[in-house]
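Participant: The residues making up each chain are set out below.
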Amino acid sequence: MSNVIGCIDGSAATEAVCDAAAWAAAKLEAPLLLLHVLEKTEQPAKGDLSGSIGLGTREHLLEELVELEEKKSRLALEHGKEMLQAAKERASVLHKGETTTLQQHGNLPETALELQSQSRLLVMGRQGEAHENTPGSIGSHIETVARTMHRPILVVMPGFSVPQRFMIAYDGSDTAEKAVDMVAQSPLLKGMNCHVVMISNSSKPEPQVQLEKVATKLEQAGLTVTSALLEGDVINTLLEYQDTLNIDLMVMGAYGHSRIRQFLVGSNTTRMISSSRIPILLLR
Amino acid sequence: MRGFFYRSHPLNICENRLRKVLSDLFFQGTGLPGIILSARLLFDTLTKRFITFTKRNITHMQNTLKQEWLGNIRGDILSGLVVALALIPEAIAFSIIAGVDPKIGLYASFSMAFITAIAGGRPGMISAATGAMALLIVGLVKEHGLEYLLAATILTGLLQIVAGYLKLGNLMRFVSRAVVTGFVNALAILIFMAQLPELTNVTWHVYAMTAAGLGIIYLFPLVPGIGKVIPSPLVTIVLLTFAGIALGLDIRTVGDMGQLPDTLPVFLLPEVPLTMETLQIIFPYSAALAVVGLLESMMTATIVDDLTDTGSDKNRECKGQGLANMATGFLGGMAGCAMIGQSVINVKSGGRTRLSTMTAGILLLVMVVFLSDWIRQIPMAALVAVMIMVSVGTFSWDSIVKLKTYPVSTNIVMVATVIVVVSTHNLAIGVLVGILLAAMFFANKVGHYMAVTSTLTGEGARTYTVSGQVFFASADKFYASFDFREALDSVVIDLSRAHFWDISAVSSLDKVVIKFRREGTKVELIGMNEASSTIVDRFGVHDKPEEVEKLLAGH
Numbered sequence: 076m077s078n079v080i081g082c083i084d085g086s087a088a089t090e091a092v093c094d095a096a097a098w099a100a101a102k103l104e105a106p107l108l109l110l111h112v113l114e115k116t117e118q119p120a121k122g123d124l125s126g127s128i129g130l131g132t133r134e135h136l137l138e139e140l141v142e143l144e145e146k147k148s149r150l151a152l153e154h155g156k157e158m159l160q161a162a163k164e165r166a167s168v169l170h171k172g173e174t175t176t177l178q179q180h181g182n183l184p185e186t187a188l189e190l191q192s193q194s195r196l197l198v199m200g201r202q203g204e205a206h207e208n209t210p211g212s213i214g215s216h217i218e219t220v221a222r223t224m225h226r227p228i229l230v231v232m233p234g235f236s237v238p239q240r241f242m243i244a245y246d247g248s249d250t251a252e253k254a255v256d257m258v259a260q261s262p263l264l265k266g267m268n269c270h271v272v273m274i275s276n277s278s279k280p281e282p283q284v285q286l287e288k289v290a291t292k293l294e295q296a297g298l299t300v301t302s303a304l305l306e307g308d309v310i311n312t313l314l315e316y317q318d319t320l321n322i323d324l325m326v327m328g329a330y331g332h333s334r335i336r337q338f339l340v341g342s343n344t345t346r347m348i349s350s351s352r353i354p355i356l357l358l359r
Numbered sequence: 003m004r005g006f007f008y009r010s011h012p013l014n015i016c017e018n019r020l021r022k023v024l025s026d027l028f029f030q031g032t033g034l035p036g037i038i039l040s041a042r043l044l045f046d047t048l049t050k051r052f053i054t055f056t057k058r059n060i061t062h063m064q065n066t067l068k069q070e071w072l073g074n075i076r077g078d079i080l081s082g083l084v085v086a087l088a089l090i091p092e093a094i095a096f097s098i099i100a101g102v103d104p105k106i107g108l109y110a111s112f113s114m115a116f117i118t119a120i121a122g123g124r125p126g127m128i129s130a131a132t133g134a135m136a137l138l139i140v141g142l143v144k145e146h147g148l149e150y151l152l153a154a155t156i157l158t159g160l161l162q163i164v165a166g167y168l169k170l171g172n173l174m175r176f177v178s179r180a181v182v183t184g185f186v187n188a189l190a191i192l193i194f195m196a197q198l199p200e201l202t203n204v205t206w207h208v209y210a211m212t213a214a215g216l217g218i219i220y221l222f223p224l225v226p227g228i229g230k231v232i233p234s235p236l237v238t239i240v241l242l243t244f245a246g247i248a249l250g251l252d253i254r255t256v257g258d259m260g261q262l263p264d265t266l267p268v269f270l271l272p273e274v275p276l277t278m279e280t281l282q283i284i285f286p287y288s289a290a291l292a293v294v295g296l297l298e299s300m301m302t303a304t305i306v307d308d309l310t311d312t313g314s315d316k317n318r319e320c321k322g323q324g325l326a327n328m329a330t331g332f333l334g335g336m337a338g339c340a341m342i343g344q345s346v347i348n349v350k351s352g353g354r355t356r357l358s359t360m361t362a363g364i365l366l367l368v369m370v371v372f373l374s375d376w377i378r379q380i381p382m383a384a385l386v387a388v389m390i391m392v393s394v395g396t397f398s399w400d401s402i403v404k405l406k407t408y409p410v411s412t413n414i415v416m417v418a419t420v421i422v423v424v425s426t427h428n429l430a431i432g433v434l435v436g437i438l439l440a441a442m443f444f445a446n447k448v449g450h451y452m453a454v455t456s457t458l459t460g461e462g463a464r465t466y467t468v469s470g471q472v473f474f475a476s477a478d479k480f481y482a483s484f485d486f487r488e489a490l491d492s493v494v495i496d497l498s499r500a501h502f503w504d505i506s507a508v509s510s511l512d513k514v515v516i517k518f519r520r521e522g523t524k525v526e527l528i529g530m531n532e533a534s535s536t537i538v539d540r541f542g543v544h545d546k547p548e549e550v551e552k553l554l555a556g557h
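Sequence lines, in order, name chains B and Y. Under this note's numbering, the first residue of the first sequence carries the number 76, and numbering increases by one thereafter. Under this note's numbering, the first residue of the second sequence carries the number 3, and numbering increases by one thereafter.
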């Protein structure tokens, strides 16, 4: 079965993730899986600096460390269970179909990859629990998951409302082309107003031609399309467009470039995710 | 960092450029402009290569850096300090066991810790000069001298690197729990026994000091407040050293045992003739050192894995140990490996990542080089007290408590390992004996899972049904289960519920068939193909789940 997977972690975005996942599951008529991954947090180890070892120190030390982690893990486990239960109840408002919950130990990218074969769409919050106090940052897993998974990922921010209008950020690249194809086929965005936006800072005619081709393709798929060719800085222009036209979902091809390039020039995807106020659907 | 050291990259592009550089040098003569041009080209090539290489590894390195180096900075630096303080007396003590100057062990402890911190496979594990290795090299040092020890250390490293590439770390699964416990206990006993020379034919002052030292080590941590902040072995050493100086006692000090380091270690080639004869001398020692070093390192890695609930890369640890030993040999240190006691101290003190190991190595060297005048004055009694603590802490007391509850065979394996090690002073031999005993006990146990039943199926006809495991350990029992004295016309041997594991099983079946034929009985075998399908050595098919299930179900 291909599930819509909602990744719950107890951060501020949890409710939004829950709503968005339920909305997507209802729209796709797919079962919903709410996933909570118990990650081992790297706690600074408490040290006993006495430096002496004696009778059975090794056994004692093991016992001590196990006890310490047991308490912490049990707490996390119960907390997670409650969270999943609450999320399930919340999701039942928007999604009437099958909803299951899953709790796993490990880390999110690995778990998501394991679930890839039975997943259709992954819904994640922009920031995890660890980053909540640093505005403008994005969760540490989003990029890893986006790069390893071959499934669309919906990144949501706290406060989700059912989207009416979405825009595609189109740049003529292969990734963008594929993204457009996926949008045309997907039942998720059926019946919504679609804006295709392209940023071009050259005066050549090619971008206009490309844009028109894409718009036709989307219209043939049954969407109401508005297209726009804009000039300027990629991120700011797109954000302005979002604001002025009340767009409430952004679709973009994600991480089309290698990590090396990203290290040197940075990534538009990352910048977009960190500054956007509306949910972003990442297509790879 | 892993990629940094081991991954190989295609060199084609740079090779061409390098070739050009070399040909420039050759054809343009060695004139200054030629050299400058060539040097610039060479520099360009190397920088470019470094940049591409770094880029390729950058994310990987970022992650590793965070996880394996900077995840626990405060805890790691503090624990590194505690470990460095504890390593100094140990390194000196082990040098004395090996019969070399303390500086040999101290240099070794620095370079082992430093290099395994980078190249090892188990973050947070402490490697240095160890007792297990020191005991093996006594003979070599006595007969051939220090230079041969250094050469043997380098060869040890080479062998360990080869072992790493051959993935011999995986062989650790044949070392049973009982053997590991035996190894650890034997090691503790050997460390304790090595202290005895310091405690015989000495004045009562030495006993008093040792007793006082042990008292401080174990009672000081109970002092509220400072007890858990200042390492008690350090307190012992400082107090006893001052007591020794203040009272003007005529007792042996570290300075009497040989040279201490006064400079940083330098890279030197061992002064040995590069001949077959040298190789013949050092190879047996190197082989034993490589085996013992890897064994103790693998066991320690497992202990640290258990304590911290994290995994380690055993084969990388083999290579890391090898690299560290090679470097140690060139820096004038004796062979070393991971240390159980120190690694436990490190984890106990809050050390978790590679940073703790590296801090320990660097601080050790700094302290030793700058404080050598003070270290010289440390009375041997203080060292003995610390070493007794290490020995007590290394010993697995749990294993003594559990002697009563464990099966006799397990206890025999453990005790035999201890006895063999203590009598030969060679941990490798002890482990070998332990592994062989454990394997024999296991074979014996499995051999019991074989039964032959028989029914009379008519006038002078009998069917024997064999079920269970037939192999070398149960082949004789298999043969003895047939009644050859019964006069029969025909016999059916049903093997479809049996597993023949080796040629011993097949040949004992042959013997049974021949024996029956000689008595004039006709023999028919049923299910021979299924029974003997387990003989093949390649388990490509057999380790698939459905095949294993079939096997367990008796086909």
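Hints in this document: simulated from the structure, not taken from any laboratory. Bear in mind that the values here come from a model prediction, so they are computed numbers and not experimental data. All residues carry an ideal CB built from backbone N, CA and C; glycine is no exception. Please note that a few of the clues may not be correct.
[Claimed, not checked] Chain Y residues, not near chain B, derived (Cβ > 10 Å throughout):
hint : residue
1    : Leu48
2    : Phe372
3    : Asp375
4    : Ile421
5    : Asp478
6    : Val494
[As the list claims (entries may be wrong)] For lysine-lysine, the following DSBU-like pairs were computed, each having C-alpha atoms within a straight-line distance of at most 30 Å:
hint : chain 1 : residue 1 : chain 2 : residue 2
7    : Y       : Lys68     : B       : Lys146
8    : B       : Lys147    : Y       : Lys230
9    : B       : Lys146    : Y       : Lys479
10   : B       : Lys292    : B       : Lys265
11   : B       : Lys146    : B       : Lys102
12   : Y       : Lys479    : Y       : Lys513
13   : B       : Lys147    : B       : Lys171
14   : B       : Lys102    : B       : Lys292
15   : Y       : Lys406    : Y       : Lys447
16   : B       : Lys102    : B       : Lys156
17   : B       : Lys253    : B       : Lys279
18   : B       : Lys147    : Y       : Lys68
19   : B       : Lys292    : B       : Lys279
20   : B       : Lys253    : B       : Lys265
21   : B       : Lys146    : Y       : Lys447
22   : B       : Lys146    : B       : Lys171
23   : B       : Lys115    : Y       : Lys406
24   : B       : Lys115    : Y       : Lys230
[Unchecked claim] Quick list of the computed label-pair ranges, beta carbon to beta carbon:
hint : chain 1 : residue 1 : chain 2 : residue 2 : range
25   : B       : Glu144    : Y       : Ala482    : 39 to 45 Å
26   : Y       : His207    : B       : Arg149    : 53 to 59 Å
27   : Y       : His207    : B       : Leu150    : 40 to 46 Å
28   : B       : Glu145    : Y       : Val240    : 45 to 51 Å
29   : B       : Glu134    : Y       : Thr202    : 55 to 61 Å
30   : B       : Asp318    : Y       : Lys169    : 44 to 50 Å
31   : B       : Leu130    : Y       : Val240    : 20 to 26 Å
Participant: Are the hints correct? Go through all of them and say.
Facilitator: Now for the hints, and whether the structure bears them out:
{"no.": "1", "hint": "Leu48", "in the structure": "19 Å, holds"}
{"no.": "2", "hint": "Phe372", "in the structure": "21 Å, holds"}
{"no.": "3", "hint": "Asp375", "in the structure": "23 Å, holds"}
{"no.": "4", "hint": "Ile421", "in the structure": "22 Å, holds"}
{"no.": "5", "hint": "Asp478", "in the structure": "42 Å, holds"}
{"no.": "6", "hint": "Val494", "in the structure": "51 Å, holds"}
{"no.": "7", "hint": "Lys68/Y / Lys146/B", "in the structure": "26 Å, holds"}
{"no.": "8", "hint": "Lys147/B / Lys230/Y", "in the structure": "24 Å, holds"}
{"no.": "9", "hint": "Lys146/B / Lys479/Y", "in the structure": "53 Å, violated"}
{"no.": "10", "hint": "Lys292/B / Lys265/B", "in the structure": "14 Å, holds"}
{"no.": "11", "hint": "Lys146/B / Lys102/B", "in the structure": "41 Å, violated"}
{"no.": "12", "hint": "Lys479/Y / Lys513/Y", "in the structure": "13 Å, holds"}
{"no.": "13", "hint": "Lys147/B / Lys171/B", "in the structure": "35 Å, violated"}
{"no.": "14", "hint": "Lys102/B / Lys292/B", "in the structure": "22 Å, holds"}
{"no.": "15", "hint": "Lys406/Y / Lys447/Y", "in the structure": "20 Å, holds"}
{"no.": "16", "hint": "Lys102/B / Lys156/B", "in the structure": "26 Å, holds"}
{"no.": "17", "hint": "Lys253/B / Lys279/B", "in the structure": "23 Å, holds"}
{"no.": "18", "hint": "Lys147/B / Lys68/Y", "in the structure": "23 Å, holds"}
{"no.": "19", "hint": "Lys292/B / Lys279/B", "in the structure": "22 Å, holds"}
{"no.": "20", "hint": "Lys253/B / Lys265/B", "in the structure": "17 Å, holds"}
{"no.": "21", "hint": "Lys146/B / Lys447/Y", "in the structure": "40 Å, violated"}
{"no.": "22", "hint": "Lys146/B / Lys171/B", "in the structure": "37 Å, violated"}
{"no.": "23", "hint": "Lys115/B / Lys406/Y", "in the structure": "38 Å, violated"}
{"no.": "24", "hint": "Lys115/B / Lys230/Y", "in the structure": "27 Å, holds"}
{"no.": "25", "hint": "Glu144/B / Ala482/Y: 39 to 45 Å", "in the structure": "54 Å, violated"}
{"no.": "26", "hint": "His207/Y / Arg149/B: 53 to 59 Å", "in the structure": "54 Å, holds"}
{"no.": "27", "hint": "His207/Y / Leu150/B: 40 to 46 Å", "in the structure": "55 Å, violated"}
{"no.": "28", "hint": "Glu145/B / Val240/Y: 45 to 51 Å", "in the structure": "38 Å, violated"}
{"no.": "29", "hint": "Glu134/B / Thr202/Y: 55 to 61 Å", "in the structure": "32 Å, violated"}
{"no.": "30", "hint": "Asp318/B / Lys169/Y: 44 to 50 Å", "in the structure": "58 Å, violated"}
{"no.": "31", "hint": "Leu130/B / Val240/Y: 20 to 26 Å", "in the structure": "25 Å, holds"}
Against the hints set out earlier in the document, violations occur for numbers 9, 11, 13, 21, 22, 23, 25, 27, 28, 29 and 30.
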